[in-house]
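Colleague: Sequence:
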Amino acid sequence: MPELPEVETVARQLNAALAGRSIRRIDILDPKLNGFDRAAAEGRSIAAVLRRGKHVAFELLAPGKPPLWLAVHLRMTGRLVFRDRWPEGADAPARAPRARFELDAGEMRFFDTRRFGSLRLEASLEDIPAPGLDPMGSAFTARALAILLRGARQPIKTWLLRQDRLCGLGNIYASEILFWARIDPRREAGTLTSEETRRLLFATRRTLRLAIRHCGVTFSDFQDSRGEIGAYQNFLRAYGRAGQPCRVCGGEIRRIVQQQRSTFFCPACQK
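Under the numbering used here, the first residue of the sequence shown is numbered 37, with each subsequent residue one higher.
If you're looking for bench data, these hints aren't it; they were derived computationally from the structure. Accuracy of the hints is not assured; some may be wrong.
Simulated pairs of lysine to any residue, SDA-like, Cα-Cα distance not exceeding 25 Å [what the hints assert, rightly or not]:
(1) K68 x G100
(2) K307 x I292
(3) K101 x E158
(4) K101 x L86
(5) K68 x G187
(6) K307 x A267
(7) K101 x A75
(8) K101 x L185
(9) K307 x R156
(10) K307 x F255
(11) K68 x L139
(12) K307 x T233
(13) K307 x L185
(14) K307 x Q294
(15) K307 x G287
(16) K101 x A55
(17) K307 x S256
(18) K307 x C285
(19) K307 x R234
(20) K68 x E39
(21) K68 x L185
(22) K307 x R291
(23) K68 x K101
From just these sequences and the hints, can you work out the full model?
Modeller: What follows is the structure in structure tokens.
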């Protein structure tokens, strides 16, 4: 599933490519999306594209009408791909789009092999669900993180995956963040000291910024809006490296299972 860096990558790329363009027509090609009100979005201009939680959010404007927000959740295999011109035969049956957005210049297509993704229109950005604190936002401070952690009895790795606490983090980045913060993933979340909480904050920001710089991680399905894969998997220090030497101390990276999900860590570096 695309996590925060992958969604941020797509949103930034689409903002650069689409801001100022207009939606001429929307073709819904999957019956599961028939409830989407395409007429309300057609004819509007795209003012901006940004990330809201794990959604790609498009601000849509029209003269004399209140703004609308198009929220796209990629879920497991969703992809938004824009091209100024699509080559003939680009929609092979195995990768047929669920929706097409014809713009005044170019076209965006929504691909989603497993069909779990969604399109919705909202009246405001705040109406798009993002229940937890955004770890890329200004409100993400050491004090705010300490308040969220207070009294939490879950292992810190499991806690990081709670979308009602920090929004947008998934399994890959939780392991990487804890590696850089030098915190054992089995530690009870509420037992972190002030110093460890600060390390967790800085490690979260650092990991996410580096991942965004490298356009996220691709292990299977993720491709950005240009149809290219991410590269951050080449820089991972913990995730997926069980049995390999730690790149800091030389010890062995271990794999354990927490709530049916793999966790990777260095027992020597992470306490």
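Colleague: Each of the hints needs a verdict: does it hold here or not?
Modeller: Now the hints, each set against the structure:
no.	hint	verdict
1	K68 x G100	violated, 31 Å
2	K307 x I292	holds, 15 Å
3	K101 x E158	holds, 14 Å
4	K101 x L86	holds, 21 Å
5	K68 x G187	violated, 42 Å
6	K307 x A267	violated, 29 Å
7	K101 x A75	holds, 14 Å
8	K101 x L185	violated, 43 Å
9	K307 x R156	violated, 43 Å
10	K307 x F255	violated, 28 Å
11	K68 x L139	holds, 23 Å
12	K307 x T233	holds, 13 Å
13	K307 x L185	holds, 17 Å
14	K307 x Q294	holds, 17 Å
15	K307 x G287	holds, 14 Å
16	K101 x A55	holds, 18 Å
17	K307 x S256	violated, 31 Å
18	K307 x C285	holds, 14 Å
19	K307 x R234	holds, 15 Å
20	K68 x E39	holds, 23 Å
21	K68 x L185	violated, 39 Å
22	K307 x R291	holds, 15 Å
23	K68 x K101	violated, 28 Å
In summary, the structure is inconsistent with hints 1, 5, 6, 8, 9, 10, 17, 21, 23 from the numbered list given earlier, while agreeing with the others.
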